[in-house]
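**Student:** Residue numbers (the working numbering), protein chains in the order written: chain B, 9 to 509; chain S, -9 to 138.
If you are wondering where the hints come from, they were derived from the structure by calculation, not from laboratory data. All C-beta atoms, glycine included, are put in the ideal place defined by N, C-alpha and C. Be aware that one or more of the hints could be misleading.
[Unchecked claim] Non-contacting residues of chain S with respect to chain B, defined by C-beta distances greater than 10 Å in every case (computed):
| hint | residue |
| --- | --- |
| 1 | Arg61 |
| 2 | Leu93 |
| 3 | Thr102 |
| 4 | Arg104 |
| 5 | Val107 |
| 6 | Ile136 |
| 7 | Ile138 |
[What the hints assert, rightly or not] To give a feel for the contact side, a few chain S residues facing chain B, derived at Cβ under 8 Å:
| hint | residue |
| --- | --- |
| 8 | Asp(-6) |
| 9 | Gly0 |
| 10 | Val70 |
| 11 | Ala73 |
| 12 | Phe76 |
| 13 | Phe89 |
| 14 | Ala96 |
| 15 | Phe126 |
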Amino acid sequence: LPGIEFLIDALTPLNILLAIVGVVAGTVIGALPGLTATMAVAVLVPFTFGMNPASALIMLGAIYTGAIYGGAYAAILLNTPGTPSAIATTFDGYPMAKRGDGDLAITLACVASVTGGLVGAAFLLLLAPPLAQFALKFGPVEYFWLAVFGLTLIAALSEGSTLRGLIGGCVGLLLGTVGVAEVGGDIRYTGDIKALLGGIDVVAALIGLYCVPVLIDLVATPDPHLKLTHQVAGFRLKEALGISWKSKFNLARSSVIGTVVGILPGAGGSIASLVSYAEARRVSRRQENFGKGEPDGILATESSNNATVGGGFIPTLVLGIPGTPPDAVILGALLVQGIRTGPQLFGEQSQIVYTFIYGLFLATLLMLPIGLVIGRYAFKSIVAIPKAVLVPSVAFLTIIGSYAIHNNPHEVQQMVVLGAFAWIAGRLGFTASPIVLGLILGVIAESGFVQGYLIGNAKGNALAEFFTRPISMGIIAFIVLGLLYPLLMARFRPPKGSTSE
Amino acid sequence: MRRDIPGMTGAAIFIVVGILALYYSRDFSAMGSVFPRTIAMAMIVLSGIYIAVSLLRPKAPAAQPAGSNWRRIALVAVMVLWATYFDRIGFLTSSIAAFASLLVIANYDRWTPRMAVTYAAVGAVVIGGLYAIFRFGLKVPLPEGILI
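Next comes chain S alone, as it looks inside the complex (with noise of 0.2 Å):
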């Protein structure tokens, strides 16, 4: 049976980020550092232990999904500058545009003008609906940035 590659490199990670906290936990207090340092030193016995099981037992990997990476890379970065830059730009603008991006990338069907008018109209619905609900029913004051 072949190893679990992502399982073991998951947990070597793991035991990276734990050997950092416990580097970083170096200047808290006694009882600041007791919880942190407790928890990163389990972390990287566990992690170390998964290892050596997987090691000594190989067992199938968890299933990866499949699908388009290039896509899902692109969700990720939509959504990232989404939420670096709505502040400045404008909650309304900057979603508008990124509304406009992910429907590009979650549609795999042949764009017929019938399509965008209707995808358009639906975005328009939601997010005009759900900006009136949080800004004028909820009050919550969404940043207007350099645009709207």
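Next up, chain B with everything else stripped away, as it sits in the complex (with noise of 0.2 Å):
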């Protein structure tokens, strides 16, 4: 196995103790509805700041494996999914759940969660070093087109339309322009305010962008005080390791869906759930059980959804490029430590990749008993505090986490003043991810960009350095199949009310 001489690194008392914590703490803002595995991982996100890298990695990774699964205890047991990526568990969990077979749904869940987990870490563990290896030849133009590439396939897969997604796209790469270039100097659109020179902030940004938006919706609907109907009364783990091992090829079908999700650029746990699950039910010989308690349903969409999580660390540690929203912020962490990722990652400091990837294999299989017992004994306290507890706490993990990162009350004002901007902006119809992705990818596009335009002046011909190149063309082609993917699919769908519902 590559880097198998540093799992002795990842089982470090200290790494085990942040594991379990990252689990614990993932696991109860996940199940608390309305806030997201991106929103754990941003306002636990400053934690990490002090921590040796590997070790903040594998924090942050248990912190967003374990809020990916938390978020399934609010579908199953009230019907509200607890994070966007278990939407879909919503479907059959709560059916099942009002039987009497919650406790059954929630372990079915937790072992689904493991599996597309352990699924997701296996390929980022053997898909990511040949990738690497592949990346190195990578020049200034190929990055300016993978750059382009993400953007494009964040607009065809964000909600909404493709045209909001690329318009997000651009807002968020104007946003990185803000500041001193990082090439020739010039000062851009900081209005001489002094506190702009030094650009945007990236995490404060993805505090804000993703923090404030909810907080914002959070406070002005009153606390639905959620109570269970359904109790966790065991754990039945051995009918569930049964059922799952009559699944297998679901379980199977559904971890490689959520991976490959997770992979793409932008595209998070909540689209491969629903992916996983129709893709479930199409191929199931007990397809009019889906919706109505479908054990298969539930192990579809949360083996996916925890996939995603190992499937997004890949375009992340490879190339730099956030594979789901989550990872954005993990990849803006990183860059306050100094650890710019790459394909240069995988050679100069190999040590901090594979302790972290074998650190998530660790939290995915901690997350087995933690989450059983979290279900079981610690869920109707987590969904009994009251949201006006709630607000003033993560609100105050935003202002002192923005300030944390480097001691600067300026970048907690863009915290506050871009997350303000994306609660506007949503209203607008324009979601966040784009305008993330674009913020991201903005530092890469540009600099790909210029490299590249000089280095194909000083040939004499800049145009041909970027459209002749075979690597390059290669993801030009699929930067024209994520344009078109959208059209494709509009034309190709069946026409309403030919399928059943």
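Using the hints, put the two chains back together into the complex; each one sits in its own frame.
**Tutor:** Right under this line is the structure:
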């Protein structure tokens, strides 16, 4: 196995403790309806700034994977997804709880999440090193096209229209140009505000873009005072393992779908779980049971959304392009630590990468006992936390967290302003993810573009530099495919009414 | 079907932003201006196409979340004031004031003495605990300002 010599580094008492703390914290936040996995990572990321990079990554990976799983509790027991990635879990989870099988559904979700998480982590371990080897061939032009590819993909996959996604991406790219330019040294769009000379800090921006809109909407409606009507009486682990074993192909297929969706920039657990659910129902011999408490539905959604964790880390670590929104936050956290992700990471700093990957396996395995215990004993208390306490507590974390990045009050102000902007943009139909991706990819795109332009000019033909290199041509082909994808889907989608719902 | 007025409004705003970005890029060097100018132009064109498509093919606008707007505005106002003045007032004092304000804004239930005491205790634990972790554990120099 690649990097097996670093397994022991992942198993230090500190890393095990961080994995446990991360899984617990992530699971608790994920279990709270309204709080997302991205938000869980964003509000907890400042706690990792003082750690060594591998330990920080292990804790962030544990938070992420725990939060994705935590969303299943509320989906099953309250018919309210704890996180967006658990939306499809409500379809069969809640009917199971209603008929008295809530405990079995929770255990099935846990087993599926662990399986999906392990498959995603295995793909990360086996695919990332050869991809990193290949990515070493990339020059500035290839990175420019990759950034464009990431933007077109998120535009195609984002909720709503492709056009809105592309416009959001442009907004993010423009935000990324604020401050002193990396190439040329121009001072751009600072409005003579000294605080903006250093540009917009990515982590502060992400905390604002992902957390503040959630707070704004949380405060707008009364506490639903969710009450558990279906108790979790036991674990029923043996029964759940038996059902899971019978559905091993469903688990494997859904985990692979989750991994692939995770690899695509910008697409995360919510898309993966819906695609896997649809696929599981399509091939099932018990199609009519789906939506009425079919265990295969839970196995499909929960394995795929947790598989996006490992899948999403592949482009994040290999190319520096976040696979899923929480990866964007983790990428920003690594930048704060002075770690620039990319193919070199697998050579020069392979200790960090492999320690983290084995740590992710560890965190995923820990999710089984932790997840079962929280579901059995703590979920009732978690869901009873009133909004009146939750809102100021999360707000406090966003303020102290964005200050802790560089001890800079201006970054706290950026966080709040961008958060309010994201909420307004959301109301106008422009979601945060394309803006975030634009902000992150802006630096990669601009430096790739300018360097490619200079190299091309030196060779006497800038255009050829961008359009004739074989790898670039391959990426351009994917860009065209990404842009045409929504049109093709619309063209080949069966007309409404031709399929039974 | 109704037109996507919020989406078209957003696109119109982004056209204005794009024009401003082009205008303010006139003093940049050639190397520093090529990227933001390209992006600004792309944003203007895409936003224009979005408005045109929305006019020609109306479709349902994005769902608007319901709820209390004054509470939303109050939350943003508290966070803006908090973010602006915490370094001058002091992190701990400003956080206690902001936490209490947000408790009031986020609470829809009738206040009872028991609730007030419980929430105050939770606030003390959250602020005190996290302050201690960041200040003493993570060695973040949280500003003391004029009050602490």
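**Student:** Does each hint fit the structure? Answer for all of them.
**Tutor:** So, going through the hints one by one against the coordinates:
no., hint, verdict
1, Arg61, "violated, 5 Å"
2, Leu93, "violated, 5 Å"
3, Thr102, "holds, 12 Å"
4, Arg104, "holds, 13 Å"
5, Val107, "holds, 13 Å"
6, Ile136, "holds, 14 Å"
7, Ile138, "holds, 15 Å"
8, Asp(-6), "holds, 7 Å"
9, Gly0, "holds, 3 Å"
10, Val70, "holds, 6 Å"
11, Ala73, "holds, 4 Å"
12, Phe76, "holds, 7 Å"
13, Phe89, "holds, 4 Å"
14, Ala96, "holds, 4 Å"
15, Phe126, "violated, 12 Å"
When held up to the earlier numbered hints, the structure conflicts with 1, 2 and 15 and fits the remainder.
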